[in-house]
Amino acid sequence: MGSEEEKKYCTEYTGYEMMLISASRQIKANDIIFNAFHWPYLAVHIARLLHFPNLYTVIEIGNIQDQLIKPTRMPYSISDPVIVPNSLFIGDSVDVLSVLQRGEITLAFLSTSMIDKYGNCNTTVIGSYDKPIYRLPGGGGATEIAALSKKVIWLLDEHTKRKFQDRLQYITDPGYLDGYDSRIKAGYPPDSGPEAIISPLCIMRFDSKTKEAYLDALHPNISIEEVKENTGWDLKVAKELKQIEPPTIREIEVCRKTMKDAIEQCYILKPEWITYLEK
Amino acid sequence: MTMKDAIRKFVNDGEMVFLGGFAHGIPFSAAHEMIRLKKRKLKLCKASGGILFDQLIGAGVTNHIITSHCWNGFGPQPTWNYKRAIEKGIPHKIIYNEQSLFMINMSFFAGYMGIPFVPIRSLVGTSIIEHPKEVGLKATMVKCPFTGENTCVVPAINPDVGIIHVQRADSEGNAQMWGFIGENKYGINACKKIIVSAEEIVDRKVIMESPERTIVNSYKVDAVIHEPWGGHPYSMQGFYYTDLKYNFNYTKETKTIEDWEDWLEKWVTGVNDRQEYLKVLGEKRIKKLKAKNMIQGAVDYGF
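Those protein sequence lines, which keep their order, are chains L and Z.
The first sequence maps to residues 1 to 279 in our numbering.
The second sequence maps to residues 1 to 303 in our numbering.
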């Protein structure tokens with residue numbers, strides 16, 4: 001990050017804001033991003049406003065763009081007609097799958113209801129498939145985005161044992177499957193797969209051999225114990241645990257503007273996520 | 001032909017029906033007519049089911065859905081009829097034949113190409129392939145005859161009848177769409193019977209001015225319906241914007257069975273056709289949603 005002014009840190013912020021800002025910091029200028037709705041879109045939007053207005057992004061409906069939507073605003077979803085005259089390319093569903101299958105997506109952000117230690121996700125069902133306790137939306141395009149992007153970063157808006165499970169009964173989106181080399185054996189590209197999990201508490205990354213998620217970096221004022229207590233497996237901790245910088249004043253301003261715009265476009269953000277928004 | 005005539009004539013109980021539109025140009029008008037005509041046991045396929053499937057489930061039209069996602073994209077929020085049917089069997093149990101977005105698209109693509117299956121790189125190791133058990137094979141592994149590599153393949157889908165809502169068509173059924181096309185071109189051409197509903201019916205000369213916008217041709221089309229605002233509450237590029245308020249409130253307004261019955265009466269069973277629906281929507285709202293003109297992209301077709 002740039003000047004001294006930008007290095008001034010914010011002291012009051014929510015875990016949700018930290019999650020979005022942490023996610024936005026993972027992007028590099030030359031990434032080709034798969035930009036999924038809803039929370040992932042906000043993280044990418046923040047990165048665009050802060051650092052990379054000309055980031056290349058692809059969305060599920062078949063758009064490719066490399067600039068902010070003009071007039072600058074948050075699209076309500078993948079199908080907002082404002083996207084069309086702001087695009088370099090509009091194709092159909094087969095075009096989008098082709099971009100993924102050719103291995104051209106360098107980074108994808110996705111959100112999910114629950115994840116396991118190997119980065120597999122379930123957005124289909126709680127309970128058994130035939131007799132569900134709760135039926136969830138289904139994966140949509142996340143299955144292919146998770147399967148084929150070079151790096152996948154999962155955003156989880158809550159860090160609880162219910163959301164971070166040892167193993168899942170149902171896999172909608174493939175991560176490292178059973179760990180070790182099982183993903184490669186299943187035929188997925190060796191240079192693809194989950195890169196990180198970002199929650200309000202921390203960033204997890206995946207062990208290069210076992211492919212199990214470990215605690216790599218803590219968000220400010222969060223303890224190792226707090227993360228471990230809320231994770232559904234025996235979480236290992238990096239030898240050199242990193243401490244994440246708090247949001248800068250500039251980051252939090254852009255994040256809150258983005259959240260405000262999102263609310264105007266019918267996004268439902270929980271009250272505890274937006275505590276400081278009105279201040 | 002009216003929508004009522006088309007649905008009565010071409011959609012039979014028990015058939016597999018493709019409903020097009022990936023969050024843009026969704027044939028809501030056709031779906032509402034299926035509800036009014038009390039169609040039953042339809043097997044519905046669509047890339048993303050959304051509130052359209054939720055309504056068809058709640059009204060008892062379908063017992064089997066083939067899709068990758070069923071939720072209200074505004075919020076995002078739950079679709080209650082879908083949840084009630086799967087979790088509690090209300091109004092009856094349905095089979096949810098879960099797909100991934102690109103898996104169902106490739107199945108339409110195979111249907112479009114007239115071939116039995118296509119390879120896809122995404123499904124291995126997921127639970128989608130194995131569930132639900134009663135629908136049988138949805139994808140399988142074969143050995144690539146050229147590389148020897150294990151390859152996942154998905155079967156063609158060729159629905160009995162398909163319905164799309166597009167910007168314009170001529171009276172013969174040559175249909176054009178622009179903006180987001182989603183699965184429409186592949187899905188509709190894979191169908192045996194085809195219904196096209198359009199915002200505008202234009203002269204064939206207009207179609208021939210930009211023939212690359214055509215997604216299905218008249219020789220395949222069984223019915224053409226002039227149905228302005230047939231895609232409300234979703235958008236139609238160049239015609240109207242998405243009705244955010246209507247979509248957002250849908251979840252709240254259909255939460256209990258009583259809420260849902262009131263909603264259904266107000267918007268579907270209490271009206272006779274799309275014109276009456278638009279009266280309920282009101283002139284003020286229609287005026288607000290109407291798209292501003294943005295005509296662009298004229299090119300030289302000279303030779």
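No lab work stands behind these hints: they were computed from the structure.
Among the hints, a few may not be true.
Derived DEER-like restraints, expressed as beta-carbon distance ranges [unchecked claim]: (1) L:104 <-> Z:116: 25 to 33 Å; (2) Z:279 <-> L:160: 33 to 41 Å; (3) Z:142 <-> L:178: 21 to 29 Å; (4) L:240 <-> Z:252: 43 to 51 Å; (5) Z:4 <-> L:181: 30 to 38 Å; (6) L:73 <-> Z:212: 29 to 37 Å; (7) Z:213 <-> L:73: 37 to 45 Å.
Facing chain L, according to a computed beta carbon distance under 8 Å, are these residues of chain Z, among others [what the hints assert, rightly or not]: (8) 76; (9) 122; (10) 126; (11) 283.
Even for Gly, the Cβ is constructed at its ideal location relative to N, Cα and C.
Hint by hint, here is what the structure shows:
1. L:104 <-> Z:116: 25 to 33 Å: holds, 28 Å
2. Z:279 <-> L:160: 33 to 41 Å: At roughly 48 Å between Cβ atoms, residue 160 (chain L) and residue 279 (chain Z) fall outside 33 to 41 Å, so the hint is violated.
3. Z:142 <-> L:178: 21 to 29 Å: The hint (21 to 29 Å, Cβ to Cβ) holds, given that residue 142 (chain Z) and residue 178 (chain L) are roughly 23 Å apart.
4. L:240 <-> Z:252: 43 to 51 Å: holds, 49 Å
5. Z:4 <-> L:181: 30 to 38 Å: For residue 181 (chain L) against residue 4 (chain Z), whose Cβ atoms are near 59 Å apart, the range 30 to 38 Å is violated.
6. L:73 <-> Z:212: 29 to 37 Å: holds, 31 Å
7. Z:213 <-> L:73: 37 to 45 Å: Check failed, 28 Å falls outside 37 to 45 Å.
8. 76: Result: holds, 6 Å to nearest chain L Cβ.
9. 122: holds, 4 Å
10. 126: holds, 5 Å
11. 283: Hint on residue 283 (chain Z): violated, closest Cβ of chain L at ~22 Å, above 8 Å.
Of the numbered hints given earlier, the model fails hints 2, 5, 7 and 11; all others are met.
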